[in-house]
Amino acid sequence: MSIIEEISELLQNGKAKKVKELVRQALEEGYDPKVILNEGLLSGMMIVGGKFKNNEVFVPEVLVSARAMNAGLTILEPKLVEVSNEPIGKAVIGTVKGDLHDIGKNLVVMMLKGAGFETYDIGVDVEADTFIAKAEEVGADIICMSALLATTMAGMQECINKLQESNLRDKYIVMIGGAPVNENFAKQIGADYYTPDAVTAAEVAKSAVQGR
Amino acid sequence: MKRKITDLSVRFSENFILNMIDCTPDSPIYETAMQELKELEDRAYSLIRPRAVAAWGEIDREASSDGIPEGTKALFTIATLGKEISEWSSCLFREGDYLGGMLVNAMADEALFQVDTAVQQAVIEMSRSMNMGVKQRVEAPNDIEMVSQRLAWEVTEAKEEIGVGIRSSYMLDPLKTNCVIYLLDRFCSEYRTAHNCKNCKAVHCKRRMAE
Numbered sequence: 001m002s003i004i005e006e007i008s009e010l011l012q013n014g015k016a017k018k019v020k021e022l023v024r025q026a027l028e029e030g031y032d033p034k035v036i037l038n039e040g041l042l043s044g045m046m047i048v049g050g051k052f053k054n055n056e057v058f059v060p061e062v063l064v065s066a067r068a069m070n071a072g073l074t075i076l077e078p079k080l081v082e083v084s085n086e087p088i089g090k091a092v093i094g095t096v097k098g099d100l101h102d103i104g105k106n107l108v109v110m111m112l113k114g115a116g117f118e119t120y121d122i123g124v125d126v127e128a129d130t131f132i133a134k135a136e137e138v139g140a141d142i143i144c145m146s147a148l149l150a151t152t153m154a155g156m157q158e159c160i161n162k163l164q165e166s167n168l169r170d171k172y173i174v175m176i177g178g179a180p181v182n183e184n185f186a187k188q189i190g191a192d193y194y195t196p197d198a199v200t201a202a203e204v205a206k207s208a209v210q211g212r
Numbered sequence: 213m214k215r216k217i218t219d220l221s222v223r224f225s226e227n228f229i230l231n232m233i234d235c236t237p238d239s240p241i242y243e244t245a246m247q248e249l250k251e252l253e254d255r256a257y258s259l260i261r262p263r264a265v266a267a268w269g270e271i272d273r274e275a276s277s278d279g280i281p282e283g284t285k286a287l288f289t290i291a292t293l294g295k296e297i298s299e300w301s302s303c304l305f306r307e308g309d310y311l312g313g314m315l316v317n318a319m320a321d322e323a324l325f326q327v328d329t330a331v332q333q334a335v336i337e338m339s340r341s342m343n344m345g346v347k348q349r350v351e352a353p354n355d356i357e358m359v360s361q362r363l364a365w366e367v368t369e370a371k372e373e374i375g376v377g378i379r380s381s382y383m384l385d386p387l388k389t390n391c392v393i394y395l396l397d398r399f400c401s402e403y404r405t406a407h408n409c410k411n412c413k414a415v416h417c418k419r420r421m422a423e
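Each protein sequence line maps, in turn, to chains A and B.
Read in order, the letters of the first sequence are residues 1 to 212 in the working numbering.
Read in order, the letters of the second sequence are residues 213 to 423 in the working numbering.
Extracted from the complex, chain B is given alone in its bound form (with noise of 0.2 angstroms):
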């Protein structure tokens, strides 16, 4: 079972970009950055390409480790925003534009945040369909073995079906695309397809919720 999830759709939250450079309301340049994130939304709308796809699959001998045995059934998913927006962040930074580019590259981030939650739901319909629970999400590096990455991305078609590609480093190209792994159980009744935060390393991360 194969799904391609094209009906995404992002709206940017002005004050969580910000915050999420670090840029707050007492913070001396607030209205200067909220003003140019206005000004760059329009465009950063035109160059973001949300599109993603799931995939029924595997765990294979490469991706498995202790917790993670060969032969757990998964869905894989892919989830990218193209490579229009990143490279508009890094044209920015050349320039000189430094504000600029740290924004695009922050309002990428948010739309990738939302796309992700998006194909949650397209997981949680297509693990239902099968009757079947989610019984943990995982990603690389942190839960996983990056190799995964390779794993999903071949048994999800990504390339043909997304237009994402992976380097030797199993890193998935565009930038802004990532990868989640559901690892399902049919004696599983839940449905556990948010991001757990006490597990990512990610601590600077504005939307961890962990401590």
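Only chain A is shown next, with the shape it has when bound in the complex (with noise of 0.2 angstroms):
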């Protein structure tokens, strides 16, 4: 077995140790900073979410394996900034205005990491304007929207509209999510996607930008 399947293996695993020192050892041996993140930490994180959507693996086996990608990223990214190595999209995520939810926001964050985004999460109780005014200045392509009240789900309109109205809406692909929204919900506002759960989130935000 390569070092490079290792790190994928002991990732799925949940190892972040090993997972950190494989890391260290795979650039030491001058293997490439993208070939250690796609086809070790990322490719593993995709198998995981392969097995969690198959009920194979359940929530906190995804939470150890995201965790020790974390832990292999905090050694590999400064290398990943000198090779110029590009995230595969960026997404902003939040939680609407007026809603302090952020369990769920919190785990599609995880997922969009796992899936090669660079992720800007800015938080909770969030405005329109704000998830739009972030996209704008990171270039995003995903705006991600996160509602656990139907007192809050208007939020998502808003953003949208308000999209719209700048003449912003075609720039942006608009996923939203949470206990209350559905797919019906997500047409009626004009949302590009809705997803039920954060593995699905990362993979249908995945296929969109390569899509686009």
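Don't take each hint at face value.
Listed below are the simulated SDA-like cross-link pairs for lysine to any residue, each with C-alpha atoms no more than 25 angstroms apart in a straight line [what the hints assert, rightly or not]:
#1 A:Lys134 with A:Gly190
#2 A:Lys134 with A:Phe58
#3 A:Lys90 with B:Cys303
#4 B:Lys410 with B:Ile280
#5 A:Lys20 with B:Pro240
#6 A:Lys90 with A:Pro78
#7 A:Lys34 with B:Arg306
#8 B:Lys295 with B:Phe325
#9 B:Lys413 with A:Asn182
#10 B:Lys413 with A:Phe58
#11 A:Lys134 with B:Gly308
#12 A:Lys90 with A:Ala133
#13 A:Lys15 with B:Asp238
#14 A:Lys134 with B:Lys214
#15 B:Lys413 with B:Pro386
#16 A:Lys17 with B:Ala414
#17 B:Lys285 with B:Pro353
#18 A:Lys20 with B:Pro386
#19 A:Lys53 with B:Pro237
#20 B:Lys214 with B:Ala414
#21 B:Lys285 with B:Asp238
#22 A:Lys20 with B:Glu251
#23 B:Lys295 with B:Lys410
#24 A:Lys18 with B:Glu243
#25 B:Lys413 with A:Lys134
Cβ-Cβ distance ranges computed for the label pairs, FRET-style [claimed, not checked]:
#26 A:Thr130 with B:Ala414: 25 to 31 angstroms
#27 A:Ser84 with B:Ala414: 44 to 50 angstroms
#28 B:Pro353 with A:Glu137: 32 to 38 angstroms
The following residues of chain B were derived to be distant from chain A, with all beta-carbon distances above 12 angstroms [claimed, not checked]:
#29 Met213
#30 Asp219
#31 Ser225
#32 Phe228
#33 Leu259
#34 Lys285
#35 Leu315
#36 Thr329
#37 Lys371
#38 Ser380
#39 Arg404
#40 Ala406
Bear in mind the hints are in silico, worked out from the structure with no lab data behind them.
Think of the CB as a built atom: it goes at the ideal place given N, C-alpha and C, for glycine as much as any other residue.
Two chains, two frames, some hints: make the complex.
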């Protein structure tokens, strides 16, 4: 088994310290940081995501794998900057105005990172204008909005309306999620995608930016 | 009549907390998760500051509905753990300790359930002292309009009493806060204070006791 395959396997088993050590070792052995990222870390996370969708693993296993990936990234990121590695895409994500729930949003951030996205987590209780301003500032591809309350879902519509008013709607992929949200609501407000969980959100985000 | 409840304590059930995040004894990471949970517990206990307030009032026009008419006598309760525990969970997520963040969030949920149970006892005592029974427990948005949370917040003076704020969406702040309204009736001899899982839309809740 190559060191890259080993990184992927250890990540799938949630072995953060060992992933960190092997990423360091792989760099010392002269492996391209992009190969370590794509074929080691991200490939491992993709396998874990697939197992989650097939009910072979559950949320805790995904959490420890993502933590292992994060541990590896702390070593790898400075090297990725040196080789000007481009992320698969940039996503701005937050929970809409009036809503303080953040667990679902945090899980989506985790999975987007695991899919190779550069993420900008703008927190909870976020104004529609703030989503747009951040997306413009960082040159995002995707705006992801979360809401856990029926009384706050309107914040998603407001953001999309403001994108349209500013002639920016086509510039961004808009994804929404959260307990009261569904496919019909996404269509109704003109969002591009509704996803029911964090793993699906990352998959859909990846295919959406690749399909642009 | 109003009562502030501060003598609330919580005691984590480790197995239950792990179960809440789908980590069962047959999980390959069960031991790891259990060890981490034990390491997080002391700090979680120190950050959870449970307090609650209950006050007597009436359902107003805005919060009323077909089944809950304006003028219905009620005990409004708001209970909170404070903001520190949620902030810690968010911080762990930001640092990439996703398991830790999830465990702390589950600990907070477990604590809030326990506080809710303790508040029910106070509600029974208060309604008994008013010679009234509890005919129904209602929670927004499942059983009553979200605007009822604003009414509860005003009636209990939750800002002044326990430091709980409210957003324009009627969401209470901090995050780990819950609002329960107990509908009272002079002709009811029971205290129906328990949560009704059958009416609850949280179908994946690990505490659910209904099909």
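Here is how each hint holds up against the structure:
1. A:Lys134 with A:Gly190: Judged against 25 angstroms, a Cα distance of about 20 angstroms means the pair holds.
2. A:Lys134 with A:Phe58: violated, 33 angstroms
3. A:Lys90 with B:Cys303: holds, 22 angstroms
4. B:Lys410 with B:Ile280: Answer holds: Lys410 of chain B to Ile280 of chain B is near 18 angstroms, not above 25 angstroms.
5. A:Lys20 with B:Pro240: Distance ~21 angstroms between Lys20 of chain A and Pro240 of chain B Cα, so the pair holds.
6. A:Lys90 with A:Pro78: holds, 18 angstroms
7. A:Lys34 with B:Arg306: holds, 24 angstroms
8. B:Lys295 with B:Phe325: Holds. Lys295 of chain B to Phe325 of chain B sits at ~16 angstroms (cutoff 25 angstroms).
9. B:Lys413 with A:Asn182: Judged against 25 angstroms, a Cα distance of about 15 angstroms means the pair holds.
10. B:Lys413 with A:Phe58: Status holds; Cα separation ~22 angstroms.
11. A:Lys134 with B:Gly308: Measuring from Cα to Cα gives roughly 22 angstroms; hence the hint holds.
12. A:Lys90 with A:Ala133: holds, 14 angstroms
13. A:Lys15 with B:Asp238: holds, 18 angstroms
14. A:Lys134 with B:Lys214: violated, 45 angstroms
15. B:Lys413 with B:Pro386: Roughly 22 angstroms between the alpha carbons, so the hint for Lys413 of chain B and Pro386 of chain B holds.
16. A:Lys17 with B:Ala414: violated, 37 angstroms
17. B:Lys285 with B:Pro353: Holds, at about 19 angstroms.
18. A:Lys20 with B:Pro386: Violated, at about 36 angstroms.
19. A:Lys53 with B:Pro237: Holds: Lys53 of chain A and Pro237 of chain B sit about 21 angstroms apart, inside 25 angstroms.
20. B:Lys214 with B:Ala414: violated, 30 angstroms
21. B:Lys285 with B:Asp238: violated, 49 angstroms
22. A:Lys20 with B:Glu251: holds, 22 angstroms
23. B:Lys295 with B:Lys410: violated, 30 angstroms
24. A:Lys18 with B:Glu243: holds, 18 angstroms
25. B:Lys413 with A:Lys134: Violated - the C-alpha atoms of Lys134 of chain A and Lys413 of chain B are around 34 angstroms apart, more than 25 angstroms.
26. A:Thr130 with B:Ala414: 25 to 31 angstroms: Because 29 angstroms falls inside the window, the suggested range holds.
27. A:Ser84 with B:Ala414: 44 to 50 angstroms: Given about 46 angstroms between the Cβ atoms, the range holds.
28. B:Pro353 with A:Glu137: 32 to 38 angstroms: At roughly 35 angstroms between Cβ atoms, Glu137 of chain A and Pro353 of chain B fall inside 32 to 38 angstroms, so the hint holds.
29. Met213: With a cut-off of 12 angstroms, Met213 of chain B remains clear of chain A, as the shortest Cβ separation is near 30 angstroms.
30. Asp219: At about 27 angstroms from chain A, Asp219 of chain B clears the 12 angstroms cut-off, so the statement holds.
31. Ser225: holds, 17 angstroms
32. Phe228: holds, 14 angstroms
33. Leu259: Per Cβ check, Leu259 of chain B is outside 12 angstroms of chain A; nearest 16 angstroms; holds.
34. Lys285: Answer for Lys285 of chain B: holds, closest chain A Cβ roughly 26 angstroms.
35. Leu315: About 9 angstroms separates Leu315 of chain B from the closest Cβ of chain A, which leaves it inside 12 angstroms; violated.
36. Thr329: Since the minimum Cβ distance to chain A is about 23 angstroms, Thr329 of chain B lies beyond 12 angstroms and the statement holds.
37. Lys371: holds, 16 angstroms
38. Ser380: violated, 5 angstroms
39. Arg404: With a cut-off of 12 angstroms, Arg404 of chain B remains clear of chain A, as the shortest Cβ separation is near 26 angstroms.
40. Ala406: With a cut-off of 12 angstroms, Ala406 of chain B remains clear of chain A, as the shortest Cβ separation is near 23 angstroms.
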